[in-house]
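Start from the sequences and build out the full structure, keeping to the hints where you can.
2 protein chains.
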Amino acid sequence: MKNKTKKNIVRIGLIQTRSESGPVPNLKKIILQIKIAAAKGAQIISTQELFTTPYFCQTENTQNFDFAESIPGPTTDALCKVAKSEKVVIIASLFEKRGKGVYHNTAAVIDADGKYLGKYRKMHIPDDPAFYEKFYFVPGDLGFKTFQTKYAKIGVLICWDQWFPEAARLTALAGADILFYPTAIGWKPEEPQQTASYHAAWETIQKSHAIANGVYVASVNRVGKEGGLQFWGQSFIADPFGHVLYRASSAKEEIVLADCDLNLVEQTRREWPFLRDRRIDAYPPILSRLIEK
Amino acid sequence: MKNKTKKNIVRIGLIQTRSESGPVPNLKKIILQIKIAAAKGAQIISTQELFTTPYFCQTENTQNFDFAESIPGPTTDALCKVAKSEKVVIIASLFEKRGKGVYHNTAAVIDADGKYLGKYRKMHIPDDPAFYEKFYFVPGDLGFKTFQTKYAKIGVLICWDQWFPEAARLTALAGADILFYPTAIGWKPEEPQQTASYHAAWETIQKSHAIANGVYVASVNRVGKEGGLQFWGQSFIADPFGHVLYRASSAKEEIVLADCDLNLVEQTRREWPFLRDRRIDAYPPILSRLIEK
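As they're listed, the protein sequences go chains D and E.
Just so we're aligned: 246 in our numbering is position 228 of the first sequence, and the numbers increase by one with no gaps anywhere.
Just so we're aligned: 237 in our numbering is position 219 of the second sequence, and the numbers increase by one with no gaps anywhere.
Hints listed in this document are in silico derivations from the structure and should not be mistaken for laboratory results.
A hint or two may mislead.
All copies of an identical chain are treated as equivalent in the list; a pair is satisfied when it fits inside any one copy or across any two copies.
Unchecked claim - Below are the DSS-like pairs computed for lysine-lysine, each with C-alpha atoms no more than 25 Å apart in a straight line: (1) K171 <-> K311; (2) K311 <-> K168; (3) K25 <-> K270; (4) K24 <-> K58; (5) K24 <-> K270; (6) K206 <-> K168; (7) K311 <-> K133; (8) K24 <-> K133.
Structural data, given as structure tokens:
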């Protein structure tokens, strides 16, 4: 079944880091890491979720809204310069201040010529002990989006979005060949047994998005202990068959690099023609909360 | 986070077999296997896909329509008797003759008192070299269904449905605590390298349905070589975290047994409240074939 098609390689770089104390050192660090990734040939580079700060959602504290900034704004301005000088696409996960009292968990996409392309606002907002995101973030209202960058048409989803097949499906149907998931997920060190389950489920469901949609999935998580959470790293890139091309360690700062053959998207969908056979005529009840008789 | 809830155990039995030459020996064999499974405590028992025959869809041959039968009909009548005597729920995957020239790939559900509860008609029909199902089966028109049986509320999906997150979602939203997937999937022995990928993807995507929906998934596949296909067995049962409770061998006939705690469905959804956060307001474009701008 293997088609001997020409390859169309794009190199992805994911920056898995430990957070510094705040925005100034984190921005400095990420710019350095982007330059290192670019020097290693990365063409599309993604930060982890909310990279400018420690994961502040572990508590509900109005002071933390001070971390929010406009998008585009000072951080994207700085990153646009780097994108242009390094000729790389940058996906930057940031805390967006949209207006007084209206904040989002947002990812900005910057093209390889330094142009700000647009943003995705996290659609699914969690709320769990130590992940009090509903306190901070208005659910996104821009829908599921794709961005035509110099090197690939990509989609960006953020962390909790990972658990929703609908989010991946909608982004893939809109034409994304690669789904990026900036993430901040970890465990409570006092619950080590649950961690293995959670991590396995986390990787499984993201691989399933690659398989169901015939796309690449690139997930970038932070490492390090912050307050009561140990972030589990293990950023990875999966191909459209769900093969993990590279999986980072659970504890170290790392730049994850993988070469993705974009032609494999069409090739995989020819072999696994799921998009041909979707029963869209029968799916309308999926817009229900529950289906009660 | 573990809640100390009471358990509500149901034992599933999946009958992974090699096909005999045709309906008479296969029915005889499945009845014997159901009795053995029942003796081992199985309460809900599923056959593999199209268990009465070899997997005839490897070729397009109008003679094979002779295998089709009405549902309910002679095979379900025989199985209703077994269900009643053994006090087990039976899911029987059959070739349905609905009328002259209208055939479906259908699963019948029989309750533990021997009552025929209804049927599910395979919604997603594949068509691939050696899997020429579009020649034989009209796509299902009964939608995604659940069945309240004596032991659990269950959903049945069939083989190719496995690859569609929408099918699992719709069946779970309708209240199924366990998704059953009668299956006939295998590889061409001349392509062993692809098999590992395909099998891994097949298990991954089904585990993802368990995780995304907080339900049990029970998948039952055939074994043995038939014509150009080697069926890969490896029937399995996964819990709502995506843990595989039991995975059968790739070559041997086996009865897969696992105890499923139905209370884990609610417990898992409390810990992973995905159904709380689905953005049903933003999902309507999922009813599109592709999303073009």
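Hints and how they fare:
1. K171 <-> K311: Only across copies: K171 and K311 sit 13 Å apart there, 41 Å inside one copy, limit 25 Å.
2. K311 <-> K168: Between. Shortest inter-copy distance 19 Å satisfies the 25 Å Cα cut-off; intra-copy 49 Å does not.
3. K25 <-> K270: neither (32 Å within a copy, 40 Å between copies)
4. K24 <-> K58: within (23 Å within a copy, 55 Å between copies)
5. K24 <-> K270: neither (36 Å within a copy, 41 Å between copies)
6. K206 <-> K168: Classified as neither: same-chain Cα gap 40 Å, cross-chain 40 Å, threshold 25 Å.
7. K311 <-> K133: Between copies only: 21 Å across chains, 51 Å inside a chain, cut-off 25 Å.
8. K24 <-> K133: neither (29 Å within a copy, 57 Å between copies)
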